Amino acid sequence: MSARGFAGLVAAGAGLLALALGILPRALLGADAAEEEVRASFRRVLASQEARALMAIERSDPFGGEPSRENGSVWILPGRGLRYRSSASGGQEIVIDRQKELFLLYSPSERTVYRAPYSRAPARLRRLVAEPEQFLRARLDARAEPRSIRGRAHDGYRLRGGSLGDSLPEVSVWMSRDRGTGLPHWVSISSPTDTVWIEFRNWNLASRARPGDLVLSAPPGTKEAPLDPRELLERGGGSGESR
Amino acid sequence: MLALAGCGKGPVSLTGGPSGSGEKARARFLEEFAKAEPASRGSGAISLKRGSASEGSMDVRWATEVDSLIVVGYVGPIRALDASYLGDSLYVALRPMDLGLAGPILGEDGLGPHGLRFLARPWDFSPGWIRAAIEHGTVEPWGDGWRVAGVFVGEATNPFGLELSAKGEPRRLRIGGAGGRGTLVTIRYGDPKSYRGGTLPRSVEWERGPAVVRLDIDEYARPGPSRLRHLPPADPQWTMLTLDDPRSRALLRRFLGIGEDGVDGAEP
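Just so you know, the protein sequences line up as chains F and R, in that order. If you number the first sequence the way my numbering does, the last residue is 243 and the count never jumps. If you number the second sequence the way my numbering does, the last residue is 268 and the count never jumps.
In isolation and in its complexed conformation, chain F is listed as follows:
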């Protein structure tokens, strides 16, 4: 698979962040306490000027092997942009900057920054950036459900999977809040074949946004290449936007 192929996949696949940060709150609507608690947890993040957190992402092996793990950091500037940076050696970094009309992917292992217009970023992430309030308005059907994570019980909520609208059907979603801060702590997204666990730690909700946090860490002079995961289908009439 070519660089643009891989890079295109990861960039367009940044929807995982959307799942964790955006799609859940989109499903929030309802009057009961469970829904309000979940909604309030995400609202604090999305209503801030800038939210930063560490993320640990663990994905199960659909065939019974050891899970894969990745750590990273996320910066969310509601209305402005979003950045995710993997802390793995050679791990990728993604920036969506609405104001600069940019969608960037930095691949340290390839020493390349892939550049695309903002409109090429996954639509869910763009919605999260541009209309965070919209994410706080949909039906969720949250139900209290404790789960054990690494042998430790966590109070949390099962959410309506069908509300995700993601490519993966029959997705089951669960989240828990941090006991101390009430902010999102764990999010799990399960399909019939595998499960992704995302742990948010060290949330920092700033009263002022720092646009500089939306700058890639690529060294000056890093090679740039266009990124368009749909360019391969252009002759076939693929749509111009990433969903």
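It should be emphasised that the hints constitute simulated quantities derived from the structure, not laboratory data. Please read these numbers as outputs of a predicted model, since none were measured by experiment. Even glycine gets a Cβ: it sits at the ideal position worked out from N, Cα and C. Don't take each hint at face value.
Claimed, not checked - Listed below are the simulated SDA-like cross-link pairs for lysine to any residue, each with C-alpha atoms no more than 20 angstroms apart in a straight line:
(1) R:LYS49 with F:PRO108
(2) R:LYS35 with R:ARG202
(3) R:LYS49 with F:GLY90
(4) F:LYS223 with R:GLY51
(5) R:LYS167 with R:GLY22
(6) R:LYS49 with F:GLY91
(7) R:LYS49 with F:PRO226
(8) R:LYS24 with R:GLY161
(9) F:LYS223 with R:ARG50
(10) F:LYS223 with R:LYS49
(11) R:LYS49 with F:ALA225
(12) R:LYS49 with F:GLU224
(13) F:LYS223 with R:SER52
(14) R:LYS49 with F:SER109
(15) R:LYS193 with F:PRO108
(16) R:LYS49 with F:GLY65
As the list claims (entries may be wrong) - Covered by chain F, per the in silico footprint, the following chain R stretches (three or more residues, Cβ under 8 angstroms):
(17) 59-67
(18) 210-224
As the list claims (entries may be wrong) - Selected chain R positions facing chain F (in silico; Cβ < 7 angstroms):
(19) LYS49
(20) SER52
(21) VAL72
Guided by the hints, dock chain R onto chain F, whose structure is given.
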């Protein structure tokens, strides 16, 4: 003397050719690498080079059961690729592109459906048509090892040359185009490594034209034949292409070199 001391290296003749018997090397190869693989699971990293330029990498996990194969690819933590090969039916989903390819592999496609199954896991020489061709091939000295030359007879007739070390370990397999026209694909095998599920090359490279796809194998196991999970179905909003669609051909050619009409000029 070193061999007697147990260093594991076979003796090499002073004339530069292999020592021992080519027949014995082939027998050792068949014993170790042509055992049936009823079910397997593995993980590793796959990367692509075009010329000297690196063009990205992807973590992969796979499972096989009898003739079926499922592969899942991740870029970072993101599940980006699903592929299954069940019977003669191939399905590939490029999730972030909302795109799927599906259809049967036809006999005239490269090595045909059986050949694709072998090329997908070219460390398993147990299929009858592969094993028989190696058993009936001619063996000749080749550097410090051996070379088995013969013909794969499947959907078409493809000459091959399989290079073995003096100890009967696979080094390189060149498969010629139908009727001996050029080289269809060259497969290079890394040094053997003992995994939980048996001995496998620690890496495999598929070379086709200027493109080299490399798989570094991290884990290989032979679970009970029940871990094969069918992939989630395609989303109704995805673009689904049949394999005979020109756009499918273009994608496969771009990503994997599959479906290219031309073959290399080198002899197998």
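query = Of the hints stated earlier, which fail here?
reply = 15, 16, 19, 20
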